[in-house]
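In order, the protein sequence lines correspond to chains Y and U. Letter by letter, the first sequence follows residues 1 to 262 in the numbering used here. Letter by letter, the second sequence follows residues 263 to 536 in the numbering used here.
Hints in this document: simulated from the structure, not taken from any laboratory. Backbone N, C-alpha and C define an ideal beta-carbon position, used for all residues, glycine too. Be aware that one or more of the hints could be misleading.
[Stated by the list, open to error] Between beta-carbon pairs, the in silico distance windows are:
1) U:E382 - Y:G194: 51 to 57 Å
2) Y:G62 - U:S407: 25 to 31 Å
3) Y:G62 - U:G411: 37 to 43 Å
4) U:P521 - Y:L254: 56 to 62 Å
5) U:A470 - Y:R13: 25 to 31 Å
6) U:T378 - Y:L170: 35 to 41 Å
7) Y:A26 - U:D513: 44 to 50 Å
8) Y:R13 - U:D292: 32 to 38 Å
9) Y:E100 - U:K533: 54 to 60 Å
10) U:G341 - Y:S17: 26 to 32 Å
11) Y:A26 - U:L364: 28 to 34 Å
12) Y:S17 - U:R535: 33 to 39 Å
13) Y:T229 - U:E387: 39 to 45 Å
14) Y:G250 - U:D391: 22 to 28 Å
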Amino acid sequence: MNGLTSRITALGRGFLSAVTGLGAFARLLAAILARSGVALRRPRLVSQQIHFIGNHSLLIIGVSGLFVGFVLGLQGYYTLNRYGSEEALGLLVALSLTRELGPVVTALLFAGRAGTSLTAEIGLMKAGEQIAAMEVMAVDPVRRVLAPRFWGGVIAMPVLAAVFSMVGVLGGWFVGVVLIGIDPGAFWSQMQSGVDVVKDVANGVFKSLVFGVVVTLIALYQGWTARATPEGVSRATTRTVVDGALAVLGLDFLMTALMFAN
Amino acid sequence: MNQAAPSSPIVKFDGVSLGYGDFTVLHDVDLEILPGQVVAVMGGSGSGKTTLLRATTGQLAARAGRVEVFGRDMATLHGEALREARQRMGVLFQAGALFTDLDVFENVAFPLREHTCISEHQILERVLDKLQAVGLRQAAHLRISEISGGMARRVALARAVVLEPELMLYDEPFAGLDPISLGVTAQLIRNMTDQLGCATILITHDVAESFAIADQVYLIGQRTLIARGTPEALSASTDAYVRQFLDGQPDGPIAFRYPDTPAFQQWLASKGRP
């Protein structure tokens, strides 16, 4: 009986802590949005973060996009070749990238590259009393530290996803047209006629925007709530990657179901 | 906002108790600091000196009594009013708390950029002027990771005074400094107070340096205020607490050893030592 009671207690505690965490997460988002006027008044603060978050992620995004494009080109060719429709390779590569792989893989890489660095930076700022110093200087750290980073991440993410998809298409073209020898005219024209700007491209951009909001907010939340110790910062950094990846994959399924239902 | 009259105290503690959770760190503390005064708050490690500073900045609410800063009860200040009060304070944190993503110049310029609308040229002039006062004008371009601990403390000092505050709070400014930096920092604190005419609270356990520059000394221990007076009066005191602290004796009313607790005995027993 005692074992059952303690299990129910643990279940209740877990549920309560999940709901409390979600509430704290929503409150942080509300606090950041309420203090986002700084992004308009001092755009330099946001552009610095776009540089830090976006430019520094360009290499990993570009290289990953290229390899994903290579693989898509190869696998797509092997499959389409069975049905004699390899000229549709351009369409397959472009749709895979704009609808799914561009936003999703970019968001996963974004959580690992930019998200972890945001979490660690804010966690260490707390540990070094920098956040406390800001409060005592009558500067609101949510406005000065979190809001510019949030908007930097939200703006950088769709741009990075677009770069990923673009480089991926070039990778697919290189494998399909240059290496395998598919007709370049068919490759590009199938892509041009089959990809819909609203249904495919705009939906992909919307997905990456949602991922940008969620992943950046998870990273900021984990840094903001991290215990100000080396162990606390390390745990928070790990949680950014795990929670970020799960949120991206879960939301992707949900959005795909809603966007592409016929 | 109510402006305190020039001769009235900038900071006034009236029967203040402070603590965290169930633990009371300090109780029944009375304290008063006038403009132009350097007041040293001294006591051993863990005696509650930093807690007292946190109550002055409004980071910690008093459990009992009244903390008045600039003539206003800190318990009643929230939001914009608290921010206004804090803009009139400068705080030097124990570890400096410099912003590691900014260089030396931008750290000192930070309060100016956040709280004033002055031109870039005026910011340059004022920041270089404050860096000159702490002897680091030529270090303005360096990153925080490139400067030593003593230099970081001086940069933090320049940042704390750049808005020319009416109240300066220093948390252990002498900790970890070499003898030269120590003497220079002590003199800087005195000079800043005299130049700005501000009230200064110096949290420290360094007897020699603080006695050389302080107007009043408050000694805390045993969770309350043990003694107060001018450095000369305290030096001449025969009180057992005061003597033990000033002379650095291990035995006396202030216990050097952490007291025995049931929790410790339990831990010891778990290690097989009854």
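Q. Which of the listed hints are broken here?
A. Violated: hints 5, 6, 7, 8, 14.
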